[in-house]
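Engineer: Between the sequences and the hints, there should be enough to build the whole structure, so can you do that?
Sequence lines, in order, name chains A and B. Residues 2 to 352 in the numbering used here are what the first sequence spells out, letter by letter. Residues 173 to 779 in the numbering used here are what the second sequence spells out, letter by letter.
It is worth saying that the hints were derived from the structure and are not from the lab. Fair warning: this is a prediction, and the values are worked out from it, not measured in the lab. Virtual Cβ for every residue (Gly too), placed ideally from N, Cα, C. Just so you know, not all the hints are guaranteed correct.
[What the hints assert, rightly or not] The calculated DMTMM-like cross-link candidates involving lysine to aspartate or glutamate, where the alpha carbons are at most 25 Å apart (straight line), are: (1) B/580 with B/612; (2) B/411 with A/87; (3) A/217 with B/479; (4) B/654 with A/58; (5) A/82 with B/648; (6) B/717 with B/278; (7) B/659 with B/648; (8) B/346 with B/462.
[Unchecked claim] Short, incomplete list of chain B residues facing chain A, as computed with Cβ under 8 Å: (9) 425; (10) 431; (11) 447; (12) 461; (13) 462; (14) 479; (15) 480; (16) 667.
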Amino acid sequence: MGRYIARRMIYLVVVLIVVSFITFGLMHAVPGGPFDREKALPPEIMANLESRYHLDDPLWKQYLQYLYDVFVPRITAEAPKGTLQDDYLITARVGNMWIKWMNFGPSYSSRSRTVNDIFRQQLPISAQLGTMALLVALIIGMPLGIIAALKQNTIFDYISMSVAIFGVSVPVIVLGPILIWIFGVTLKWLPPTGWGAKPPYILGFLPAHIGWDYFKFAIMPSVALGLGSSAVIARLTRASLLQTIREDYIRTARAKGLQEQLVITRHALKNSLIPVVTIVGPMFAALVTGTFVTELVFGIPGMGKYFVTSITNRDYPVIMGTILLYAVFLVIANLFVDIIYAYLDPRIRYD
Amino acid sequence: MRSKLFILFALLVSVSMVLAACQPQPAATPEKIVETVVVAGTPEVVVITPTPEPKPAGPKVLHLNMGPGDIPTIDPALSTDTSSVQIVDETTVGLTRQNEETTLIEPGMATSWDVVNNDDGTQTVTFHLRDDVYWVKYDGTQVSQVMDCQETPQPRKVTAQDFAYGILRTLSPKTASDYAYVLTFAIKGAADYNSGKSEDPATVGVKAIDDKTLEVTFVDQVVYNLNIIGMWVAHAQPKWLIEGDDCTEARGDRWTETGFFQGYGPFTLKEWVHDSYITLVKNPFWPGSDSVPQPKIDEVTWTMLDEAPAFADYEAGNLDSAAVPLADIDRVKADPTLSAQLKIAPDLCTYYYGFNTKAPVVDDVRVRRALSMAVDRQSLIDNVTKGNQEPAQWFARPGLAGAPTIDKYPDLGVKFDPEKAKAELQSYLDEKGLTADKLDITLMFNTSSGHQKIAEAIQQMWKDTLGVNVKLVNQEWKVYLKTIRGKDTPQIWRLGWCQDYPDANNFDREVVVPGGSANPDPEGKVGGFAWKNDKYDELVAQAAKETDPVKRTDLYAQAEQILVYEDAVMIPIYWYTRVTVTKPYVQRTFSVLGGLEHIEKWDITQQ
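Structural biologist: Put into structure tokens, the structure is as follows:
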């Protein structure tokens with residue numbers, strides 16, 4: 002297993018280089034640059050900006066420099082200064098030397114910030130929201146799917162699947178304002194907008210204080226975001242479980258007199274989880290790296306909007322950073338999915 | 173059976189959503205029966221509207237909203253947009269400062285100035301600075317003065333050298349400031365220093381004579397020099413903090429972060445949580461003056477929310493003022509409580525369509541005039557944009573210094589006039605032997621539902637009035653900007669313009685004359701209006717130098733008549749307004765400077 006994971010990690014680097022190449026090529030192929038404004042800038046000012054961000058270098062040089070800054074660790078005697086140019090995501094002190102790794106560059110539109118700042122300050126919020134939304138999705142989705150499958154074609158099935166259809170078909174942009182209006186504006190139970198944690202974060206992503214003051218901000222967005230995903234999970238669980246309980250080995254288990262409860266939990270459910278786990282991996286990556294609409298509707302200072310605004314602003318380092326980040330989360334989430342496969346189905350072996 | 177249940181459930185869902193979406197019936201006007209007076213047998217009920225509920229006593233904290241997304245920067249040299257400039261203008265003060273309601277120039281850090289017109293056409297202005305303003309910072313618990321590096325540290329005063337440093341830092345090519353260009357056009361030697369032609373800062377016409385005297389040499393003898401020198405890019409900046417000195421660590425471009433920041437304005441930075449909120453705290457060391465008084469409010473927080481959630485927060489009582497989203501305007505106007513808190517104030521911006529005057533069909537002025545006169549601006553505002561905007565008759569929005577006003581020039585420029593529009597077009601069609609439906613015209617705008625609605629409404633007006641079928645094309649914002657500044661510039665394109673400084677020069681000259689931002693090349697090789705009119709250029713150049721306000725406005729009025737009617741190179745559509753609601757306990761001013769508020773003049777009524 003260890004060797005398998007190591008091999009996948011090497012693939013990760015290859016995937017990232019390919020993704021970075023495609024992204025870099027695409028973003029420079031699209032017309033318009035980061036400094037094209039409604040108020041056109043005079044050529045001299047434009048030249049200063051391009052020279053500051055090395056946009057006047059040939060593209061191949063810009064790309065290689067980017068790869069060098071992001072992938073190759075620096076080992077120097079110089080302590081990190083924390084300036085815009087010298088901002089590394091990972092720094093470590095070894096003896097009297099410093100190891101500095103992953104400089105994703107400055108943001109063109111937020112002029113006192115770097116992409117690493119966005120990772121450090123906005124990603125934790127999206128990760129907290131995404132994790133809670135995924136929990137909501139699993140807590141609502143799995144039981145609904147299981148009930149629907151076990152009580153197929155009964156009133157329970159219809160109600161569960163109706164809830165699921167409601168979740169899929171009512172987007173956050175509709176559900177969010179309705180929740181805000183009911184619980185935030187009319188009843189005043191929950192704050193309509195905002196988030197209950199701010200930097201610094203414990204271990205880089207956990208809120209420093211957890212309590213009602215934290216969760217009161219998280220309830221509405223987590224439910225609004227989780228409901229849509231729960232519907233996907235519920236329908237998938239139902240379909241998969243229905244298929245599994247018709248398998249021969251379930252019939253065998255029942256034939257040998259096993260309790261129905263054990264048949265379901267130990268045999269049917271475990272085997273029916275494979276498609277669910279498959280979808281939960283990418284779902285996790287998507288939720289945790291930020292969700293544009295949910296964050297906008299609930300005024301949450303997360304990563305989601307950077308995926309969109311960086312592209313409309315042609316903020317090249319932020320585009321590269323957000324896309325590489327998403328790629329990392331996706332690859333790692335899929336790796337976990339593969340490892341869980343091996344647990345769920347002992348026939349799956351990777352070595 | 174199954175399908176019936178689904179239908180039942182779907183009905184339930186939709187009914188519950190309709191119920192949830194319905195707004196409650198507006199409550200009756202909150203009236204208080206104060207006393208019942210019996211006069212000569214007839215009971216007479218004396219009813220008064222309650223005075224605003226004051227806030228409970230305590231620190232005066234104001235909650236406002238800045239709009240979605242992080243503030244790009246609060247560094248004076250790098251700021252470009254209103255949110256940045258809002259913070260810069262509260263944490264630092266320029267040599268001159270603009271009154272946010274009258275747009276007049278008032279003393280800022282300079283108490284007085286002497287203007288000398290030189291023989292070579294330049295102008296030297298000597299500014300005399302205040303001597304009682306200190307650099308301050310928020311140290312985690314309170315605002316304290318910044319000390320210098322002497323053995324017995326002294327508080328640092330804001331000096332002429334700090335202003336000279338600020339201006340030179342903005343101009344330095346290494347800083348790469350976007351808005352350096354307003355200084356490069358105005359200050360002698362600034363353009364060469366900014367483009368790297370001269371590396372010696374002494375060649376720039378900015379000189380600190382002593383701690384309290386700054387001498388600035390301007391390229392032209394024009395009235396708006398005093399506007400430009402008060403702009404954020406020319407504010408004092410702390411050299412020791414940015415570049416470091418004996419007792420201060422260099423912070424470079426990060427000097428504006430929480431914990432590092434130093435300023436000297438009526439407020440200073442307390443906390444900036446990126447993407448979330450920014451809090452300014454009262455600077456007790458700000459001495460106050462007539463134009464920039466000591467703040468009465470102790471703390472101001474701006475959240476960074478989209479309009480709709482911000483308005484929800486306002487209704488929930490978490491914000492003290494907010495913009496009204498388009499979708500809520502009708503409801504706010506109908507609601508007795510909210511409508512009393514509503515204020516529609518002018519905003520110094522103009523929404524317009526430009527013509528590529530070298531493109532087929534619209535290269536004829538009659539077609540352009542016809543299209544412009546066929547736009548029913550009032551109907552567009554009433555039915556589409558709904559924000560009580562004002563129908564635009566010309567480009568430089570009234571309220572700008574020098575700009576004509578509707579009061580004095582009711583018939584200037586262009587108005588909705590379907591009969592004249594038809595006649596103009598007919599004369600063109602007769603000459604070319606064409607019919608209106610054969611004309612091939614394209615209108616392009618950047619992708620956005622707001623622009624789409626406006627374009628569709630105007631397309632319909634053109635069809636109804638003139639019988640012209642105009643094609644609509646939209647492009648993503650940055651692609652669009654490339655297109656309208658390239659050789660494929662469409663016949664009609666959309667843009668807006670908001671003031672950098674509130675003078676008609678910023679509109680009529682800097683946007684429109686050849687080389688201006690919407691008219692980069694009169695030959696039409698790089699887009700824009702592709703237009704040149706010597707008389708127009710002469711009029712706006714003359715107006716820039718004219719010191720008599722009445723004559724000046726008259727020159728701009730003549731220029732506007734050429735721009736929007738005689739040559740009709742653009743269709744002015746509407747002049748912007750800002751629609752805001754404010755809680756009754758907030759006493760405030762309403763800025764016309766694109767939403768740039770001077771919070772030091774605000775107050776909160778307390779018990």
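Engineer: Confirm or reject each hint.
Structural biologist: Hint check:
1. B/580 with B/612: 39 Å, violated
2. B/411 with A/87: OK: residue 411 of chain B and residue 87 of chain A at ~20 Å, within 25 Å.
3. A/217 with B/479: 22 Å, holds
4. B/654 with A/58: Holds - the C-alpha atoms of residue 58 of chain A and residue 654 of chain B are around 21 Å apart, at most 25 Å.
5. A/82 with B/648: Judged against 25 Å, a Cα distance of about 39 Å means the pair is violated.
6. B/717 with B/278: Between residue 717 of chain B and residue 278 of chain B the Cα gap is close to 20 Å, so the pair holds against 25 Å.
7. B/659 with B/648: 18 Å, holds
8. B/346 with B/462: Roughly 37 Å separates the two Cα atoms, so the pair is violated.
9. 425: 5 Å, holds
10. 431: Hint on residue 431 of chain B: violated, closest Cβ of chain A at ~12 Å, above 8 Å.
11. 447: 4 Å, holds
12. 461: This hint is violated: residue 461 of chain B lies away from chain A, its Cβ roughly 30 Å from the closest one there, beyond 8 Å.
13. 462: 33 Å, violated
14. 479: 10 Å, violated
15. 480: 7 Å, holds
16. 667: 6 Å, holds
Hint violations for this structure: numbers 1, 5, 8, 10, 12, 13, 14, all remaining hints satisfied.
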